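Participant: So you can see what is in the structure, the chains are spelled out below.
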Amino acid sequence: MPLCIEPIQSQSKEIKGETMSGRVIVITSGKGGVGKTTTNANIGTALARAGKKVVMIDTDLGLRNLDLLLGLENRIVYTIVDVVEERCKLKQALVKDKKNPNLCLLAAAQTRDKTAVTEEQLKNICEELKKDFDFILVDCPAGIEQGFQNAVAGASEAIVVTTPEMSAVRDADRIIGLLEAREEIKSYKLLLNRVRPNLIKSNDMMSVDDVVEILSADLIGIIPEDTGIITSTNKGEPIVNDDKSLAGKAYNNVARRIIGEDVPFLNLEEDNSMLGKVKRFFSGLMGKEK
Amino acid sequence: MKDIFTDFYNTILGFFRQTEKKEENAKDVACNRLRVVLMQDRTNLTPELLQRMRQELIELLSKYVEMDKDALELNFEQEGNQMALMLSIPVLRAKEESEIDEAEESVSEDENSEDVSDEEQSDEDSETEDHSDDDESEENSAEDIEIVEEEAEENDKAEK
Numbered sequence: 000m001p002l003c004i005e006p007i008q009s010q011s012k013e014i015k016g017e018t019m020s021g022r023v024i025v026i027t028s029g030k031g032g033v034g035k036t037t038t039n040a041n042i043g044t045a046l047a048r049a050g051k052k053v054v055m056i057d058t059d060l061g062l063r064n065l066d067l068l069l070g071l072e073n074r075i076v077y078t079i080v081d082v083v084e085e086r087c088k089l090k091q092a093l094v095k096d097k098k099n100p101n102l103c104l105l106a107a108a109q110t111r112d113k114t115a116v117t118e119e120q121l122k123n124i125c126e127e128l129k130k131d132f133d134f135i136l137v138d139c140p141a142g143i144e145q146g147f148q149n150a151v152a153g154a155s156e157a158i159v160v161t162t163p164e165m166s167a168v169r170d171a172d173r174i175i176g177l178l179e180a181r182e183e184i185k186s187y188k189l190l191l192n193r194v195r196p197n198l199i200k201s202n203d204m205m206s207v208d209d210v211v212e213i214l215s216a217d218l219i220g221i222i223p224e225d226t227g228i229i230t231s232t233n234k235g236e237p238i239v240n241d242d243k244s245l246a247g248k249a250y251n252n253v254a255r256r257i258i259g260e261d262v263p264f265l266n267l268e269e270d271n272s273m274l275g276k277v278k279r280f281f282s283g284l285m286g287k288e289k
Numbered sequence: 000m001k002d003i004f005t006d007f008y009n010t011i012l013g014f015f016r017q018t019e020k021k022e023e024n025a026k027d028v029a030c031n032r033l034r035v036v037l038m039q040d041r042t043n044l045t046p047e048l049l050q051r052m053r054q055e056l057i058e059l060l061s062k063y064v065e066m067d068k069d070a071l072e073l074n075f076e077q078e079g080n081q082m083a084l085m086l087s088i089p090v091l092r093a094k095e096e097s098e099i100d101e102a103e104e105s106v107s108e109d110e111n112s113e114d115v116s117d118e119e120q121s122d123e124d125s126e127t128e129d130h131s132d133d134d135e136s137e138e139n140s141a142e143d144i145e146i147v148e149e150e151a152e153e154n155d156k157a158e159k
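Respectively, the protein sequence lines represent chains C and X.
The first sequence begins at 0 in numbering that gives the first Met the number 0 and counts up one residue at a time.
The second sequence begins at 0 in numbering that gives the first Met the number 0 and counts up one residue at a time.
None of these hints come from the bench; they were simulated from the model.
These numbers come from a predicted model, not from an experiment.
Incorrect hints may appear among the rest.
Ranges of calculated distance between the beta carbons of each label pair, as one might list FRET restraints [claimed, not checked]:
1. I184/C - R53/X: 34 to 40 angstroms
2. I184/C - P46/X: 38 to 44 angstroms
3. L56/X - V277/C: 43 to 49 angstroms
4. K243/C - E47/X: 53 to 59 angstroms
5. P46/X - E127/C: 45 to 51 angstroms
6. R53/X - S166/C: 27 to 33 angstroms
From the three backbone atoms N, C-alpha and C, an ideal C-beta is built for every residue, glycine too.
Taking the hints into account, I'd like the entire structure generated from these sequences.
Facilitator: Here is the structure:
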């Protein structure tokens, strides 16, 4: 039986960070709804839990959501637009996380559109934050217009989030093309979200290998589809805080890979139901016979 | 007794194997469709330009070989990070050196030789009469030559 989620060891070249400070990573996808913001919230939280100083910038002006996923929506006083228009200092606009003092959020303005902040301004904000933080995660809006260009402006690394669906992969390909055209982006990695091992096993969904081959990009994480994401979003509590969740574990692994650890990919293939065990037993016999 | 056991074993195996035996599964369809669509996305060549390139290639190559013009395939393929333009030409017959020289002379004189135009006419006639059947039979009999015309590395992506 072909293993669909076999780890691709050769692809696990990590984003190397020797100095460990001031790395600006943009999290982008092209297509909406593939889990950019969820990824941002979880990687940010996981990095902070690992003792890194992290700030997340929501650049989705007019459609902010990162604050909701972190449960910080009631604490926002100033936004990135207030910083740019000099109504407050940058440090005043940073909202500290409830649990983790290492984690901060610079929220997007909900009442303004993408033109309120320019590429140059975002670049300057990133430069400023580099001095005080180990990681600056930039949450990029969907699309390839100005909002995307702004978000990418200050970053030197990128994580492209996609799912094993045709439209998401196609949009990811477009984004990769745009990232490659930008000199300031030194490296980009692929994060495959909402993977459903059962559908892959029955050949109804593209496998991790398929997507990696089609996009020919390095992989930094495989996140299984997890209903826990819905409840964690509802509670405003990133799923990495739940040690039992498989998606949480997968996100934690992504964070460790970003830091530079060599972490193998989770085995999502294992089917632990009774039928799964019986099937494995028989396919084992089959293998011996042939 | 032993036969009953092997029969039983095979039946069970068959049951468990059924799920693996789907031929055209959704995953393969998705992969193939995506590959084609991404080829188009990654290159900036419009269908019209591709058609023009195809026409010019046919004109050039006809000088040296007699080929099945309708079965000629021009496609982009991906090999790892590289994009390649694959040209598959069903060759009916390689032309003699004298023929090539003749054609060259006639072109330089700005006149088409009668032989060539005759050939082309008869070709076109047969093609219009029975399109698909003609294509297939010729394709099978003809030798396929694959030429890698152009290898544009990541430039293609960057161009976007």
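Participant: Which of the numbered hints above does this structure break?
Facilitator: Checked against the structure, the hints that fail are numbers 2, 3, while the rest are satisfied.
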